[in-house]
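Number of protein chains: 2
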Amino acid sequence: MERGESQLNATQDWADASPRRFRSIVRSAQWTAPTAGVCMGYAQANLVVLPARLAMDFLVFAVRNPKPCPIIDVLEAGCPDPAYSAPGADIRTDLPRYRVYRRGQLEDERSDIVDLWQDDFVSFLIGCSFSFEKSLLDAGIPVRHVELGRNVPMYITNIQCRPAGVFRGPMVVSMRPIPGRAIARAVEVTAAMRAVHGAPVHIGSPEVIGIADIDCPEFGDPVPVNEGEIPAFWACGVTPQAAALAAKPEIMITHSPGHMFITDIRDRDLHDFVCGLGGTAK
Amino acid sequence: MERGESQLNATQDWADASPRRFRSIVRSAQWTAPTAGVCMGYAQANLVVLPARLAMDFLVFAVRNPKPCPIIDVLEAGCPDPAYSAPGADIRTDLPRYRVYRRGQLEDERSDIVDLWQDDFVSFLIGCSFSFEKSLLDAGIPVRHVELGRNVPMYITNIQCRPAGVFRGPMVVSMRPIPGRAIARAVEVTAAMRAVHGAPVHIGSPEVIGIADIDCPEFGDPVPVNEGEIPAFWACGVTPQAAALAAKPEIMITHSPGHMFITDIRDRDLHDFVCGLGGTAK
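Residue numbers (the working numbering), protein chains in the order written: chain A, 1 to 282; chain B, 1 to 282.
Derived from the structure by calculation, the hints contain no laboratory data. Note that the coordinates shown come from a computational prediction; the quantities given were computed from them, not determined experimentally. Hints should not be assumed to be uniformly reliable.
Listed below are several chain B residues computed to face chain A (Cβ distance under 7 angstroms; list not exhaustive) [to be verified]:
1. Met56
2. Val60
3. Val63
4. Pro66
5. Ile71
6. Val74
7. Val143
8. Ile203
9. Val225
10. Cys275
Coverage of chain B stretches by chain A, computed from C-beta distances (three or more under 8 angstroms per stretch; other residues unrestricted) [as the list claims (entries may be wrong)]:
11. 162-168
12. 189-202
Note that the Cβ used here is the ideal one computed from N, Cα and C, for glycine as well.
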């Protein structure tokens, strides 16, 4: 995730804002920066929009690969209102920045997608690691890339996702170096957060999952693994986006990295919203 | 679930069979009885088959209501082979008994669906409470209806599922009376089994969830709640079937009650198969 350093004061101004209020500012194009740090305590989400004819296969891909693809909400075809996760919001205008891909190529980056909207578009909201990193920090576990103000390092692994229809590809993981004394706690904390990737998929030896050089991540920035620390690898939300792009759909729209959708779901309610009885976010 | 009392000896003969061997016997129509007790240690599954044009909405319904609708596997349109949960099996022949519904009405009950198969049929395998009851028993928690050789009591509640497309309806729950000392353990044991309904959705006062008379279940058989016991209510797999039937699809095929599909997934691996890294059942 990009961090909008120049927006730091503005971000702090919006840390306590309600999601509804913040989305209205985004909708009126007064906010175009990354969303890390705004509306603290509310879950942010990745966005993937696909035509209906690909939506079933993409949802099956997500169901078959729940760790990299934790679905928070699926909007019905043509519907831009996330009626459960953010009633009254509009998925076409309420993210600060969108990416438009055609046949797998980035074609455009823009601040709304109103004029691109199709009646057959199905929107997927997918869990974001912001919620999960906040829980690690709250548990007293250091998060290196946050400390260093960098993007998390991400790697393509030799773990193949279960394919579904046209969607297939390797799992992408993010890495956080964890002190040996804190590994068990980091597992406990994240295992309880299935809605945002859950427990690590691998801990220790990077080469076992096909990572040749931990200092050369495929995405994001490298971070040092210090003496006494073990690299822990979590399934990463880049996985479904990469799989979708590899399928070269005629059109696909996503958020721009770091420019997320802010839901009405409190982080503390996210697990129950996704894995429990549900209801509508308040 | 019906229990095939007259098949008890036969069931015991098949308790240690491999799923592959048992399915071949079912396929050759030598076994037509309920499946409780066969292939012990392997997960059994509910089956729902729907035409592709309803499949996306049904899967969204399941994703929105994961406690009553825990998806174990989704087969691609027209594909009768559960390539992940039971590679080489055939969903059209490998269940002992099927029900065929047209526009929500039961039309036929039969031992295979080969001649009804359509290229656009999507098959859903949904978690079954057998796995979950075995874990309760293994943890030393009594399961009343099993003790009494009855079907579990099931009730329609006032908890509304989140609708998706044409699919909507109330949550159906099953009830097991649990001694006060064992409630916490029963929650722990089942909370770890998200692939088969997870933790109870309600414990105690039946009237709060719209159950007027605990002695009059809508499905299954009543069981006594003894002194010192609390009724615990779990989301029930009847919910998605009832919601699907209420939508009156042109055609829908399910297993007959108690006549389940035996997967290659060991009960102990079920959570990881469904919620973890997946892979293919071995």
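Hints, one by one, checked against the model:
no.: 1; hint: Met56; in the structure: 4 angstroms, holds
no.: 2; hint: Val60; in the structure: 5 angstroms, holds
no.: 3; hint: Val63; in the structure: 6 angstroms, holds
no.: 4; hint: Pro66; in the structure: 6 angstroms, holds
no.: 5; hint: Ile71; in the structure: 6 angstroms, holds
no.: 6; hint: Val74; in the structure: 5 angstroms, holds
no.: 7; hint: Val143; in the structure: 23 angstroms, violated
no.: 8; hint: Ile203; in the structure: 13 angstroms, violated
no.: 9; hint: Val225; in the structure: 23 angstroms, violated
no.: 10; hint: Cys275; in the structure: 6 angstroms, holds
no.: 11; hint: 162-168; in the structure: holds (count 3)
no.: 12; hint: 189-202; in the structure: holds (count 3)
Of the numbered hints stated above, those contradicted by the structure are hints 7, 8, 9, listed in ascending order.
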